[in-house]
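Position chain R against the provided structure of chain C, taking the given hints into account.
Protein chains: 2
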Amino acid sequence: MPAIIPIDDPLDPRIAPYRDVRERDLVGREGLFIAEGAVVLRSLLTASRHEALSLLIAEKRVAALMPMLEALPEGVPVYTAGQAVLDAVAGFPLHRGILALGRRAAEPEPDALLSGLGRRAVVLALCGIGNHDNVGGIFRNAAAFGVDAVLLDSGCCDPLYRKAIRVSVGATLMVPFVRLAAGTDLVGLLERHGFATISLSPAGSVALAGLRRPERAALLLGSEGPGLPASVLARTRTVRIPMAGSFDSLNVATTSGIVLHHLSFVAPPESVSE
Amino acid sequence: MPAIIPIDDPLDPRIAPYRDVRERDLVGREGLFIAEGAVVLRSLLTASRHEALSLLIAEKRVAALMPMLEALPEGVPVYTAGQAVLDAVAGFPLHRGILALGRRAAEPEPDALLSGLGRRAVVLALCGIGNHDNVGGIFRNAAAFGVDAVLLDSGCCDPLYRKAIRVSVGATLMVPFVRLAAGTDLVGLLERHGFATISLSPAGSVALAGLRRPERAALLLGSEGPGLPASVLARTRTVRIPMAGSFDSLNVATTSGIVLHHLSFVAPPESVSE
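So the protein sequences, as listed, match chains C and R.
Mapping of the first sequence onto the numbering used here: position 5 corresponds to residue 5, and the numbering continues sequentially without gaps.
To convert, take the position in the second sequence, counting from 1, and add 1000; that gives the numbering used here.
Just so you know, these hints were derived from the structure itself, not from any lab.
In this text, all values refer to a predicted model and were calculated from it rather than measured experimentally.
Positions of the beta carbon are idealized from the N, C-alpha and C atoms, including for glycine.
One thing to keep in mind: the hints can contain errors.
Claimed, not checked - Across the chosen pairs, the derived CB separations fall in these ranges:
#, chain 1, residue 1, chain 2, residue 2, range
1, R, Q1083, C, P229, 28 to 36 Å
2, C, P202, R, A1071, 20 to 28 Å
3, C, R14, R, D1185, 52 to 60 Å
4, C, S115, R, G1028, 52 to 60 Å
In isolation and in its complexed conformation, chain C is listed as follows:
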């Protein structure tokens, strides 16, 4: 049985990490993160690379969550509170009534991450994607299509930001990722590990439908608007998704889904022995 600990006082020090959720989102949590909602909690407890430290749950939700709570590792406290206390702790109406505090897994060195992947692998490399909805949506697609890892340059937002976790329906907790230091030579890093680099760009030289999948494929995505840096485009194979008429705009998360489906099912590589 999990340790269920009722909380009556919003200022109780045991639930201090949950206080003023939105303000703390902005300043960061030094190795910790907050996850919210039942679907995300399930990912955190069953499929996450990261560790749950505690839970804070509305009293009215506890019964329904009990099967999940009973599987909690020893020593993870479940704090419960009435809705008014919860709202006072979080600093806004917490309709979902489910929060978890997690500790980030250590991020691997980029070289160690890439060299540890199979001979046949797909990674995503994100450049300058600062929108939490887009990063969350990209990770959701990465999990759905079995992407092996995600690299994020220093212009990307944090995949463990609360909203990014939520939009990804927990995928940012599951898919291995590494944040690259500013100035990292992304293309060089990928090439060093035998990844064929494929940059998505509206002006790409090859239409996606004609692309065959390399055994080790790295898919590079930039932000909507500026796109990938010219220095990256110049060193990689550029691929476009043709569009109708003058409407030249696909969401970057949707783009990732289209390309990953293509690489996974339309143009898979010859089968190889690993």
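Quick look at chain R alone, frame taken from chain C:
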């Protein structure tokens, strides 16, 4: 030159339709809609099926928008105001500083809409999709891949809701759509006009990569969670997008993008003379 009319009083009756934007979003606008932001304004003024009635623009934005404003039809007033007046009118901080009031085009009869399409056509049919982000995202993909029309059942939200327009980057203003009366036999309607009906479902009988495009294709999408009604699935061809491992969740807008790309470029029909 457009008529530029400075507004100093948030209660000026000429800008009454812009008042309390969010509250009015909820109750609806009886044949009118509000569009916001520069990208959406461009769609409204250059590619929309609907009519602009007036604009309300922050003074500081007018100069940059002048090329667009100069192309306005005669008799469309451009109201301008300082930021404080704008915020007081809208009822929240209007950072974008650009609002437009539009009048909905009359919706065609569903039979008239479908019979007027070419021999080779793709339509989307949405069932129970009540989320504005998803409806907006689906329309964005519809515009990007040249979808001919969108049918929405009575459980869907309004594509001309402010947020849906914004998320679609104006595509809901461009792509023809019709909202079906409750109780409409959607599958019967589509079959009557020679559309092959393709339902997306995680349990679909055919994987998308094996699907050939019919000349007249109707793609049916349900909401995340409940999906399409069993009565619809039973009468249509069901198609699935295979996913990795246990992560069985694609966003419905992303799904629409993947399927539309497939139908447009991977499995196009034999070319036909129209």
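### Query
Out of the numbered hints, which ones does the structure contradict?
none
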